[in-house]
Structure formats: C-alpha cells, structure tokens
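Trainee: Each chain, letter by letter, is given below.
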Amino acid sequence: MTMELPDSLSLTPSRDDVRASAVRGDPRTEPKAIRIAIIATAVTFLSVFIMLPLVVVFAQAFSRGIGAYVAALSNPEALAAIRLTLMIAAISVTLNLVFGLVAAWAIAKFEFRGKTFLVSLVDLPFSVSPVISGLVFVLLFGAQGFFGPWLASHNIRLLFAVPGMTLATLFVTFPFVVRALIPLMQEQGTQEEEAAISLGASGLQTFFRVTLPNIKWGVLYGVLLCNARAMGEFGAVSVVSGHIRGETNTMPLLVEILYNEYQFVASFAIASLLAMLALITLVAKTVLERHLDEGKTSHDH
Amino acid sequence: MSATAIRRSTLPGFGLTMGLTLTWLSVIVLIPLAGLFIRSFELSPEQFWGILTSRRTLNALRVSFGLAFAAACVNLVMGTVIVWALVRYRFPGRRLFDAIVDIPFALPTAVAGIALSALFAEKGFLGAPLAALGVKVAFTPIGIFIAMIFIGLPFVVRTVQPVLIDLDPEIEEAAVSLGASRWHIVSRVILPSLTPALLTGLALAFARAVGEYGSVVFIAGNLPNVSEIAPLLIVIRLSEFRYADATAIAVVMLIAAFLVIFAVNRLQRWAQTRVPTL
Amino acid sequence: MTIEVRNLVKRFGVFAALDGVNLRVADGELLALLGPSGSGKTTLLRIIAGLDWPDSGEVFFDGEDALLRGAGERHVGFVFQHYALFRHMTVFENVAFGLRVQPRAIRKSETAIRARVKELLDLVQLDWLAGRYPSQLSGGQRQRIALARALAIEPRILLLDEPFGALDAKVRKELRHWLRSLHREINVTSIFVTHDQEEALEVANRVVVMDKGRIEQVGTPTEVYDSPASAFVHGFIGESIELPVQVTDGSVELDGNKLALSAEGVSPGASRLFVRRHDMQIGPADAGALRGEIMQVRSFGPVQRAEVVLSQGKTVIEIDAPRDRDLRAGEIVGLNPRRYRIFGA
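Protein chains in written order, with our numbering: chain A, 1 to 301; chain B, 1001 to 1278; chain C, 2001 to 2345.
Honestly, I wouldn't trust all of these hints.
Said to hold, decoys possible - Reference listing, derived: stretches of chain A covered by chain C, where coverage requires no fewer than 3 residues with Cβ under 8 angstroms from a Cβ of chain C:
1. 105–116
2. 159–170
Unchecked claim - EDC-like, lysine to aspartate or glutamate: derived pairs with alpha carbons at most 16 angstroms apart:
3. LYS2108/C - GLU2093/C
4. LYS285/A - ASP1168/B
5. LYS285/A - ASP1098/B
6. LYS216/A - GLU111/A
7. LYS2173/C - ASP2196/C
8. LYS2118/C - ASP2062/C
Hint data in this document are derived by calculation from the structure and do not stem from the laboratory. Idealized CB from N, CA, C, for every residue including glycine.
My request is simple: use the sequences and hints to build the entire structure.
Mentor: Below is the structure:
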C-alpha cells in the first residue's frame, strides 16, 4: 500500500486515514470532534447573524400576504422612490463608468511619479463614513455652506433635491469602476496597445478595438458593484435629501420613513426589492469573478 | 528640428486622460473633502476642543469607537473560525455558506438596519427568546454591537481567506515531520503567518463599524449619551444647523479613518515581507 | 529605406542604455543587433520604431528626421518578442488590423483588405489558420502571424525584437532560414535584435555587436568573426581561449614565460590573448609557442575537445581539434595559434 501524505485540505478522508487519525491523533488535521465543533460554530453563526436578517426581510414583507405586498409596491410614493433610485443610479453609474475608464487608462498604462498617492486618493470615498460623505456636500452647498448664498441668489437648489443626492451618490460610488479595472489593465500590460500603435492605429482606435474587449469583464464587474452601491446608498443620501416625500426619497430613504411610521409591511416590501437586487448582484459577481480569474490564467503571448 | 527634447510616451492620451481624471477626482472627492477641513479650520482650537469634549459628543464617540472595536474583536475570532471551516474543511453547503459571507457587503445598509431591528426587537424572532432570558437587545448598546458585528464580518473573512488558501502545505508537513502536535502547528506555524491578514481584517472591520450609519441607527436606541452613535450625532447637529459641531465630529472621525488606512497599508507591507513572493 | 542614427543617448536613471550610438543601415539590408542583455540593442530598436524616445541624438529615415513622428506615423513594422497578438481577434482580424484602422481617405476597400490578408497569410504559409484565435496557435505559428500583421501595412522598415527567443531550438532554426528567404523575397530594410550569435551570423547581412550601450563593431558575419575589433567582440562571438599576458616592447609573456608571438601594435602592459578554440594547432612538444599536457579528450560532435594544462602558468584551456587527429591523455604537446589577437586590457 503506498503511503501518501494527504494534504491538509483533505476531502472526506479514506478509511485508513480515519483510523489513523483516531488512533494516533493525526497532526495533519484537527481531531474530528474539533472539526465538527468548528464547522458547527461557523454554520450557526452565519445562519443566525447573516442568513436570518435576510430571511426576516422577506418574511415581514409577505407577512400580510401577497396582496398587501403588491399594494405596498404599487403605492405612488413607492413608485416615485423606485424611479428616483433608478435615475440616480443610472446617472452615477454612467458618469463613474466613463471617468473610471479614463482614470484606469491614465493610471494603468503609464508610469509616473505619485501613482500610489493618486490611487489612494481614488480610494478615499471608501474610507469615509456615509454620513460624512453627505455632510461635505451640505457644507458646500447648504444654506450656510460655501456656495450656499451664491446658489440661493441664482435660485438653484442642489441640496434637498435630486442634484445634491446625485452628487453624494457619485462621491460614494466613485472608486468602484477604477478599482476593478486597474489591476486587470496593469496585468494585461501595454504590448497589445503598442502593437496597435505601431500598426498605425490612433489612440481612440486602440482603446476601443484593443483595450476595451480585453477588459470587458472587469468593466461589467465594476459597473455591477457601482450600481449596487448607488441604489442602496442610505447615509450620504439621507443627509442631503431633506426627506421630502414623493420628491426626494430614494428606496432606502422610503424604507426608513415607512419603518419609523410603523408601516412595516410596506417598509419591508421595498426593502425586499433591494434585498433581491443584493442577491442578484452577489450571483452576478461570482460569475464575473470566475471570468476574471480565467482571463488571468490563460495568458496569451 | 528634431524632437528629441520632448519626452513622449508610446501610448497616446496621457495628458488628456490624466487631466480629466484629476478634474473629476477634484470635483467629486477632493473639493468636498477640502471644504470639510477648511470649515474645521474656521473653528479656533478652543472651540474645537470644547465641541469634542462636550458630554454628548464624548459619549457618542465612546459608543461608536468602543463598540466598533469590541465588534471587530468578535469578528476577528468568529471570522477566523468561519474562514478556517470554509477553507480547510468540506461539508455540505460549504459553497452556499461561502457566498453568504458577502451578504453584509452587498445588502443596502437600511435594509440590514430594519432587518436586524425587527429580528432583535422584543417580539422579534431572536429578540423574544433573548428577552425571556432577560437580555434586551434592541434599542440598547447591545443592539449597536450586534449590528456592527453583522457588517464587519466579511472584512475579516475575505481578508484572511486568500492568505489561508495560499498557505504552503509543505510548511505544515515539515512541522509534522519535526514532531509538532496539531495544536502547535496551528498556534505556532499557521496562525502567526496569518497575523498580518488578521490584523488587517480587524482594522477594516473596525473602520467600517465606526462610520456605519444605516445598519446601526434602527436597532440603536439613539438615546443621547447612552446609545447614540457619532454619525447620528452629526446628522442631528446638521438638522440643528450647528454646522460647526457636525464638522468637528466629522473631522475627528475622518482622522481616525485615515489613521486606520495608514495602519492597514503598513500591515500589508509587513505581510509582504513575511510571505515570499514567487 | 535607409536609416541613420546619430549620437543616440538614452538613460534610465543613472543607467545608460545607449551611450552615444552611431549607425547607418543600407536600403534592403538585413541587419542584426547582437549583444548580451543590457547592451542596449532592444532600446535602440524601440527608439527606431518610435516606441521609446532618446534623451538626445537623431534618427533619420532616408534623410528625413524620424523623431518628428510617433510610432504610428513612421510606417514601421514591429514584431514583438512575445508576439503581442490581439487575443480577442482571430488570426485574420489580427493581420487585417493595420489596414482597417487607416484613415478613411487612404483605407482600402474591404475586398482589397481581404485579398491582401490572404496574400500575406499565403506568404507565411498559414492561410489555413485564418479563423483561429492566437491561443490556439503554437509559438512558431504565432510568430509568423505577428510578422504577417506587421507586413500588412507595407512598412518601409521591419523591426523584430528577439523574434525567435521564446521558441525551442528546432523551431528556431527553421524560422531562421525562413526569415532569410522571406527577406530575400520582400527585400524590406530589416533589423532584428538577438542575443544568439549563431542566429546573427547565420541570418544577417551585417552584424552590429553591442555592449553596455555602445557599438563595439559593425561588419559582415565573416568580418566580425575573423577580425574582431575588440576583446569583447572576440570573446562574445565564437568560442575563444582567453589568456592574460604581459606585453613588453614587442614581446609577449605568459606568467613570466616568453611566448613566440608577435605583439605588434599593442601598447605595453597587461593584455589579453585571444585564440579561437579551433585555431590552436596541436603539434610536437618542442615546436610550439605554448606547451601543455593533455588532461582529457572528449568527442564532441564533429570535433574532439581536449582539455590541456599549460606548462606556462598551469591554466587549463580547451582546444577543438579534428576527429582524425590522434590525441591521448597524458601526452605533452606544443600549441601554435594559427590566428590570434592581443588586446590591451
């Protein structure tokens, strides 16, 4: 019988292994009792802390039956909130996609001093609390803000209106596309682009015909995450929105208002839409990650 | 006239794209943040200190930072257990549970907030049995603690996971061949090599929990000095038009966040010196 | 298309990749840039292509200043070491690329483009691969497609960066012959970079030997092999025996022993004696400029290789002799270099 050292990521151990472990306290992996304890702890924790809240959303949403659920969603306020959320998300994703591509090109395809610093600047919105992300715009455009008086005198309403909310959303979703693209583009190098240039292609032709097809999965990934954040953003948008019913409530904001008014079914109904978005995002993310990993391992020289 | 004096790069468009990037970055990110800091400079140091040390502010900061740290520690322990099970063992539903870890990342904060609140309310699915035991979760600091655990978990798991996966099995086999017991191998060989990743995860979970608003504000009692988090205090001060107070608190939180990022960068550099790159 | 390079300097930090390079390339010539890594040969090639820019110096194509234009406008065909084929395009689309991105005004019709691509694929004998993707091709096939792609735009100059470096030995040899016959057919001024001297000597019309950012010698393969201009060239090309000697007033000494060799034209001082392995004749013990004892004899393909310990200095050298010579270990022999060079150290 050949002696094979099973690696510690062992699958169901062979009968011999089990006997061996049981008899000798095999140091290649933990004793069975401990393994079971660890798995049980992990599974329980995840089920209770992570799964249950998700389940609660749907349980509460349907707690008065499907009729109440549909009614909550077809309420004009709800529809307005959905429309507003989609609109803000569409604008934010589009703008951050375009500028994300531009920024990724500048950062990934060229060498320059201060690149690390620039990348950490791009990452800033990630480390800022959502409330502060909204606060900064209030300080700029609010009644007592820097541009407040100027805006008032020109009768422009940024805060407590859609433009302000869009700006806040742009802030928090800024890094997603860039961060997804930079490592991908850096890894792909500049050879294909150089080849295209040497063959007479212009910069734009090179970008659209050579670079873009190579990064398409990264673009999708960045857009997916950007959209998820844009539609779900709460803290930042809450600060700049003014909570004007029917006008400046996105879906997350409406969820809050309804919950505070004890309209639980309605609140959870809208929350369930957002939860479904989250689940779809997760599934799509996993699929895209697989594509991205494939792209990395199959190297074509 | 030769153009050798001009420094050019092969690929075109650097000037244009860099210019656009810097412009967009400035308009959306840098100028707003600068506005915050400029505003804070309008306060004199005494005013600044006064705001910060007022009772309510201090308590809010205490609640946010203290509970965030405690929650991050819990996440450190539980996260390690979870990532160990996910990476090293096979069990039915493993892939599903692996995907579940990302839910706090993906779920909008308000949705998480009301879900947790409903779950742990006195009549809630978990709240009821806990209340029978005499433990009140919702509308107390414990509720805040629970919410912060919820949102911080993925940070520890996802930071440690790739490191644990890439761990060289030969190192463990070497320890086995040298006669180490399983406990020794785990505590002296494996966990130490995970330390930078663990600390990074801890720092990230902490940073996220400190600034978290949506997930926490529903389950928290929001009682000043007791269960009021700093972000909520900022919102309240804004609604009172006390911009200066809001600014001061925000600046403190931002500085703390930057310190954490700095620490994380250091940790990651430290991690790279320990792990030989192939 | 002639190329002239004048006084090119290129620095990366403190490292001088090119340190004052001057070169003239004749029309239709197939030129090799040969040297070890770090010699600057790829930098020089990329500057000619327009993919890199010099710190100072000039480049002329047919008398016109080439540095006024970027890589796309110089009409140069560049073949990359790792092919740089567009991974998401078929072979056909790769080759057609240069023709499809031309400005509307001069762009050919789609029919004409298709015809030209077919012509090129026939030229490289790979028309049957037109619908495949680069990942489905072998290394040698990819290289030929990269070449076809570069030729599609009818370049005035063809530049190849270590074109066969990533291939295994047999494929390399085949492609060498193929490149040479291709060049004869299309007759475009071509420059290729290599660190493989056999390749350079076998393929090129002229060889440019480079070291540390400078050109050591330019000449035909024969010139470079038979009359190396410097110690570096002698040592880099062909297998040489190198011995440290002292030159004093016309006489040559190895470890204190006077050698019957001429040191004409070499200034006195420490110097290096170079002899090709097969230029060292083995003869009777008392009739040689050098003496030594044979330690070991090995058959080595068409020659036998003898390890000889010199009596002057106790150095061990390797000599190639024809197979029909009768050499035995232990024999004391005299050595006479048929041809040799002495360079000041």
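Trainee: Kindly indicate which numbered hints from before are broken by the structure, ordering the numbers from low to high.
Mentor: Violated hints: 1, 2, 4, 6 and 8; rest satisfied.
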